[in-house]
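Colleague: Below, each chain spelled out in residue letters.
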Amino acid sequence: MQLKASQQTAQQIAQQTAANAPKFKGQDLKTQELRERGLLFCVGIAMPVLILILWEITTQQGWIDELFLPSISGIVTEFFAIASKGYAGTPLMSHVLASLRRVFTAFGVGTLVGLLLGLLMGYYKYIRAAFYVVTEILRPIPPLAFITLFILWFGIGEISKVLIILYAGALIVMLNTMEGVRACPKQKILAARTLGAKDLAIFAYVIFPAALPYIFTGMRVALSVDFGILVAAELLAGDLGMGYIIQDASTFFNVEALFVGILMIAFFGVVSDFLLRLISARVVHWQG
Amino acid sequence: MPRPSSTSLSAANLTEPYVQPAADKEIIGLSQVTFGYSRKRLVLQDLTLSIRQGEFLTLLGPSGCGKSTILNLIAGFYKPLAGLVTHGGEPVKGPSERRGVVFQGNALFDWMTVEQNIAFGFRFQSLSKLEKQQKVKTIIQLVGLQGSERKYPYQLSGGMRQRVAVARSMVVQPEILLMDEPFAAVDVQTREGLQEELLKLHEQVSGAILFVTHSIEEAVFLSDRIVILDRNLGGIYDETLVQLPEPRYTPMNRVSDAFNQYRTDLYLKMKAIG
Ligand SMILES: Nc1ncnc2c1ncn2[C@@H]1O[C@H](COP(=O)(O)OP(=O)(O)OP(=O)(O)O)[C@@H](O)[C@H]1O
Ligand SMILES: [Mg+2]
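Protein chains in written order, with our numbering: chain A, 33 to 320; chain B, 755 to 1028.
Heads up, a few of these hints could be off.
Claimed, not checked - No more than 25 Å apart at the CA atoms, straight line, and that leaves these computed lysine to any residue pairs for SDA-like: (1) A:K230 to B:E885; (2) B:K779 to B:E869; (3) B:K905 to A:C74; (4) A:K230 to B:N860; (5) A:K218 to B:K779; (6) B:K886 to A:I221; (7) B:K905 to A:I104; (8) B:K833 to A:L66.
Claimed, not checked - The following label-pair restraints were derived from C-beta to C-beta distances: (9) B:F831 to A:G140: 49 to 55 Å; (10) B:E993 to A:Y164: 24 to 30 Å; (11) B:K779 to A:G140: 55 to 61 Å; (12) B:S911 to A:R69: 53 to 59 Å.
As the list claims (entries may be wrong) - Residues on chain A that point at chain B, a partial pick, calculated with CB under 10 Å: (13) S126; (14) L227; (15) G228; (16) A229; (17) L310; (18) I311; (19) S312; (20) A313; (21) R314.
In case anyone wonders, no lab produced these hints; they're calculated from the structure. Note that CB positions come from ideal geometry on N, CA and C, so glycine has one too.
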């Protein structure tokens, strides 16, 4: 075929010119890119390290009152003390597990509920219409505004705590899922239809996968919001959880323990977001 | 007019023994079709058009004259306000796997591999697994996608993606394939390759093709028949039968005198519409 032939000659010419051209001395693109990424990583690490160093120096030198900002070494010491002796008579592990159980129960159930409602609302315009006003009213209200109401309704125990977290996360997952379903390009749906797919197959093979990136975005936002609400919920009542440590430590001006609580929540928040991101990249791999 | 099926390509297990359709049997008919996206502004009025079994028909015409609209009506995405669209004598009631569509934009399923995209239509057909695999394999070879079976659309070039789209619609052997400027977004070289592949596929698969393009060259190279639509309300301005030496996909056809004659003719007609 003519086309093939001309392509081949073009290739040969390119090879010849490449052979004749003077050797390029610099790095190739791949190593350049690697170098840049390494550099960016270093900058990203340098900043927090710098902050930590400044923190430690200023507090060690007594430039900042220990009562406002404890030294890092002080926090670390306090952490090990709590880890070995427990806090308020309860082992640290129990506090951590209590918090994580609350968050992940609420997050898990909330995601399922939000997903289901979001899919239905995205797909069926009558269901969407039925829920529209309610969600639009609920959307701008910070979930924490409901916390005392939840306690009034469901008691001060575990249920209110989990439910308020669940509500906050479910709403976010629902709105994102609905958005994802609606953002599915019409052409893809029509393409499936002209290939013989009926409603259920279109939903399973086209609309749901197309919404997955949105669903995962929603889940990540929901998870971080859930951690925030967790602390607030544990501040209110109870004697167990990382939020309780924060609350209890602040009433006794135990700033070091307060920081231990804050940093532990930050740690678990970051780790679970990282894991969720890994899962998301696995599932939504086609995003390139 | 359907070409005699060529014997130069032997990978023909895509079709059951090819039955030459009666030369003038209508597959799609539009009779007195009137349509507008709103009742206030009509796009088509009293359009009558017949597409024959197995033929390659191309619509040419100024932008906005209603070419895509005609495809939408035949596909069953919209219903005419008046008049009738028929497929094999039966009124078109909605989208159907008997009428394939290749969209201009990216209508591939990004979450499926090339292979899965192409095999999608088979999910809804009761063929044996082996048969499905065979057909998918054959068409992948015909459009030159060997080696890319496991890739995802984002890993493909624009031309390759369009190949997948064509293969996906073709492999289920629709009685007619509707193609709305399918190659408009790819470079000239790739485009010529795609055109030649399309002609080869058309020989292997017995269905008709209704093609829309703005390129006169593309129309002449591909078509058995070219219909030029008028600027106002989708009237038919002209109809040209194209006869070029077989096999139609030879690149030599692009530079022949006959080809140039058709091109000049059509160019002047398009100019006349303005
Ligand atoms: N979805 C739509 N809603 C409303 N009006 C539309 C819609 N699609 C097309 N139209 C209008 O209908 C008319 C015909 O459009 P159509 O897309 O069929 O033209 P076309 O011949 O395909 O043009 P082009 O060559 O630019 O693709 C145009 O005036 C256009 O503005
Ligand atoms: Mg168009």
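Colleague: Hint by hint, say whether it matches the structure.
Modeller: Hint check:
no.: 1; hint: A:K230 to B:E885; in the structure: holds (23 Å)
no.: 2; hint: B:K779 to B:E869; in the structure: violated (34 Å)
no.: 3; hint: B:K905 to A:C74; in the structure: violated (34 Å)
no.: 4; hint: A:K230 to B:N860; in the structure: holds (21 Å)
no.: 5; hint: A:K218 to B:K779; in the structure: violated (33 Å)
no.: 6; hint: B:K886 to A:I221; in the structure: holds (23 Å)
no.: 7; hint: B:K905 to A:I104; in the structure: violated (50 Å)
no.: 8; hint: B:K833 to A:L66; in the structure: violated (56 Å)
no.: 9; hint: B:F831 to A:G140: 49 to 55 Å; in the structure: violated (40 Å)
no.: 10; hint: B:E993 to A:Y164: 24 to 30 Å; in the structure: violated (51 Å)
no.: 11; hint: B:K779 to A:G140: 55 to 61 Å; in the structure: holds (60 Å)
no.: 12; hint: B:S911 to A:R69: 53 to 59 Å; in the structure: violated (26 Å)
no.: 13; hint: S126; in the structure: violated (42 Å)
no.: 14; hint: L227; in the structure: holds (4 Å)
no.: 15; hint: G228; in the structure: holds (3 Å)
no.: 16; hint: A229; in the structure: holds (6 Å)
no.: 17; hint: L310; in the structure: violated (18 Å)
no.: 18; hint: I311; in the structure: violated (16 Å)
no.: 19; hint: S312; in the structure: violated (13 Å)
no.: 20; hint: A313; in the structure: violated (14 Å)
no.: 21; hint: R314; in the structure: violated (13 Å)
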